[in-house]
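Asker: The listed protein sequences correspond, in order, to chains Y and F.
Residue numbering for the first sequence follows this note's numbering, beginning at 1 and increasing consecutively.
Residue numbering for the second sequence follows this note's numbering, beginning at 112 and increasing consecutively.
Keep in mind the hints are simulated off the structure, nothing from the lab.
Take the hints with a grain of salt, since some may be wrong.
Just a few of them, taken from the derived set where beta-carbon distance is under 10 Å, the chain F residues facing chain Y [unchecked claim]:
| hint | residue |
| --- | --- |
| 1 | Thr139 |
| 2 | Pro244 |
| 3 | Thr415 |
Here a beta-carbon is modelled for each residue, glycine too, at the ideal position from N, C-alpha and C.
What follows is each chain in one-letter form.
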Amino acid sequence: MRSTRVRPYAITRGRTRPRHLLLVETLVSVPNYDPQASAQLMPEAQALYERARQRTSVAELSAALDIPLGVIRVLLSDLASQDMVYIHPTGHEYQYDLQLLERILDGLKGV
Amino acid sequence: MRKVLIVGAGQAGLQLALGLVGHDYDVTVMSARTPEEIRGGRVMSTQCMFGPALQHERDLGLNLWEAQAPRVEGIGLSVAAPDGGRALDWLGRLDAYAQSVDQRVKMAGWLELLEDRGAKVVYHGVTTSDLDPLTGLYDLVVIAAGKGELVQLFDRDPGRSPYRTPQRVLSVVYVHGMEPRPEHPDLRAVRFNAVPGVGELFVIPAHTLSGDCDILFFEGLPGGPLDCWDDRPDPAEHLDRTLSLMRRYVPWEHDRCRAVELTDDRATLVGSYAPVVRRPVGVLPAGGRVLGMADVVVANDPLTGQGSNNAAKCAASYLDSVLARGDEPFDEEWMHGAFEAYWEYARHVTFWTNAMLQPPPEHVMRIFGTAARVPAVADRFANAFGDPTDLEKWFFDPALTDRYLASVTPA
Ligand SMILES: Cc1cc2nc3c(=O)[nH]c(=O)nc-3n(C[C@H](O)[C@H](O)[C@H](O)COP(=O)(O)OP(=O)(O)OC[C@H]3O[C@@H](n4cnc5c(N)ncnc54)[C@H](O)[C@@H]3O)c2cc1C
Chain Y
1 MRSTRVRPYA ITRGRTRPRH LLLVETLVSV PNYDPQASAQ LMPEAQALYE
51 RARQRTSVAE LSAALDIPLG VIRVLLSDLA SQDMVYIHPT GHEYQYDLQL
101 LERILDGLKG V
Chain F
112 MRKVLIVGAG QAGLQLALGL VGHDYDVTVM SARTPEEIRG GRVMSTQCMF
162 GPALQHERDL GLNLWEAQAP RVEGIGLSVA APDGGRALDW LGRLDAYAQS
212 VDQRVKMAGW LELLEDRGAK VVYHGVTTSD LDPLTGLYDL VVIAAGKGEL
262 VQLFDRDPGR SPYRTPQRVL SVVYVHGMEP RPEHPDLRAV RFNAVPGVGE
312 LFVIPAHTLS GDCDILFFEG LPGGPLDCWD DRPDPAEHLD RTLSLMRRYV
362 PWEHDRCRAV ELTDDRATLV GSYAPVVRRP VGVLPAGGRV LGMADVVVAN
412 DPLTGQGSNN AAKCAASYLD SVLARGDEPF DEEWMHGAFE AYWEYARHVT
462 FWTNAMLQPP PEHVMRIFGT AARVPAVADR FANAFGDPTD LEKWFFDPAL
512 TDRYLASVTP A
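Turn these sequences into a full structure, and let the hints guide you.
Answerer: So, in C-alpha cells, the structure goes:
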C-alpha cells in the first residue's frame, strides 16, 4: 500500500533559477543605472528604478513612494526579470513565514 | 505581448497561467504562499478530478503525477440502513479514470513549473489596495483566489444562489494503510456513503507528499452528530474521532481502517461555507475592472466533488475566451461574456450539487435502487461526475427518469 512514497521535489527537476522572494526587509539595488532605459518605464516603475539607485529595502520603497507593497513587489519582479534591479539574497528564503501560517490556520474556519 | 495578472495560485489560476504562457502572453501570478510553504502547509481539499478535467491538464503538459497517482476507476454508492447494514450498495464504473493529487504537491509543483516556463511569480497576499493601481498596469487582471477575502469584490448573485448558510460541516483526514473494499480488492473507487439524516462519508484514493493514501472526508448536516469539530482537535484526536464516527455510522468502511495512520501532521482540515454564485466582474474603488474565476465566482458544496473539476474547466474556458479576443480590449462586456461561456457548463454542476444537498426525491431513489440491479444505470451515474451536463437528460425530471429506466430494464 505504501510502496509508492516518493519525494515530490524530484518531479520538477529542481530549480533552474533563483526565486525572487521579496520580503519586506529584502534589499534591492540597480546594478548598472541606465538613464535611457529609465525614460522608457511607466511612471511608477520609473520612480522605483530611480529610488533603487541607492540600495534600499522593499518596505522603504513602498513607504517612500507611497505605493502599496503588492505593487512594489510586482514592479520589482518585472524589473528584476529584465536585470534592471538586483534583489539581494536574504538568507532565509526557504523558511516558513510563521505569521502567514497563522493566518492560514485562522482562515480555515471559512475553508 | 499582452500582459495578464492572475491573483491566486490554485487549480484555476495556475492552469490558466500555464495555458497563457504557452501562447506567449506576459503572465504574472501573485501567490500568497511559496512552494515550500504550500508543501509544508495543511491539506486543502480532496481534489478528486475526473477524465475530462484531467484531459485539460494533459493538453497543457501539467499531468506530472499521472504515473504515481492511483487510478480511480469507479464511484461506489452505499446507503446506511437503520440496523447498521446497507440499504444500497453498488459500484458504477468510470469510462476514464479519475485521480486525486494532493493540492500541496500539485500547486507547489505547478508554481515551480510556471517559473521554469517563463512567467513571473510574485509572493504576496494581495489586498484591494494593491489591485487598484495594478489594474492600470495590465491588459487583464483575473482573481482566482478561491474563497479568500477578495471574494468581497464580487457581489452574490441571488438568482443563482439558493442557500445563504453552510449546508454541510466538512472534516478531512488523509491516511496511509487503508485496506481495499473486500468486494473489489483490485479496483480503487471513490466511495460515497450516505447516512440519511446524518451526512455522508467519502473515501477517496489519492497521492500525497508521502505517496499513496486514502482521504476520509465527512460531510455532516449542521447540528447533527458529524457537526463536532468546533474544538479544532489536533490531528491525532481528529483521526480518532473520525474512526469512532465511522464505526458508528459506516462500519463497513471502518472495517478497512484497522491499520490506518495519519499521512503527516498537517493532514487534517475542518470548515464550512455557504454555497454561492457571484457576479463575475469586480469593480475597484478607482474604477478598475477585474474578472473572477472558479471558486471566486462559483463555489458549490464539495458534496459532488466538482470544485477542482470546475476550476480546470473554467481555466480552459477562460483561456479560449482570452485567445479568441485577439488584440481587442478585455473590457467589462468581454468579461461578462467569458463568464457566461463558463457558466453554460457550470450551471449544470451548480444545479446538481444544490439538488444533492437535499434528501433525494422519490425518482432519484428509484434511480439508485435500479442501479443496484442494472449496471448501466450505475455506470451512467458514475460518469456524470466527469460530465454533469448529461444529468438534465434523465436525472432531475421524474418523467425523463421513468423513460430512461424503462429503456434499460426489461418489462
Ligand atoms: C473539504 C473539501 C473537499 C473537496 N473535494 C473536492 C473533490 O473531491 N473534487 C473536486 O473537484 N473539488 C473538491 N473540492 C473543491 C476544490 O478544492 C476547489 O473548488 C478548488 O480548489 C478551487 O480552485 P481555485 O483555484 O478556484 O481556488 P483555490 O484552490 O482555493 O486556490 C486559490 C489560491 O489563491 C490563494 N489566495 C487566496 N487569497 C489570496 C490573496 N489575497 N492573494 C494571493 N493569493 C491568494 C490561496 O492561497 C490559494 O492558493 C473540495 C473542497 C473542500 C473544501
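Asker: Hint by hint, note whether the structure agrees.
Answerer: Checked hints:
| no. | hint | result |
| --- | --- | --- |
| 1 | Thr139 | holds (6 Å) |
| 2 | Pro244 | holds (5 Å) |
| 3 | Thr415 | violated (16 Å) |
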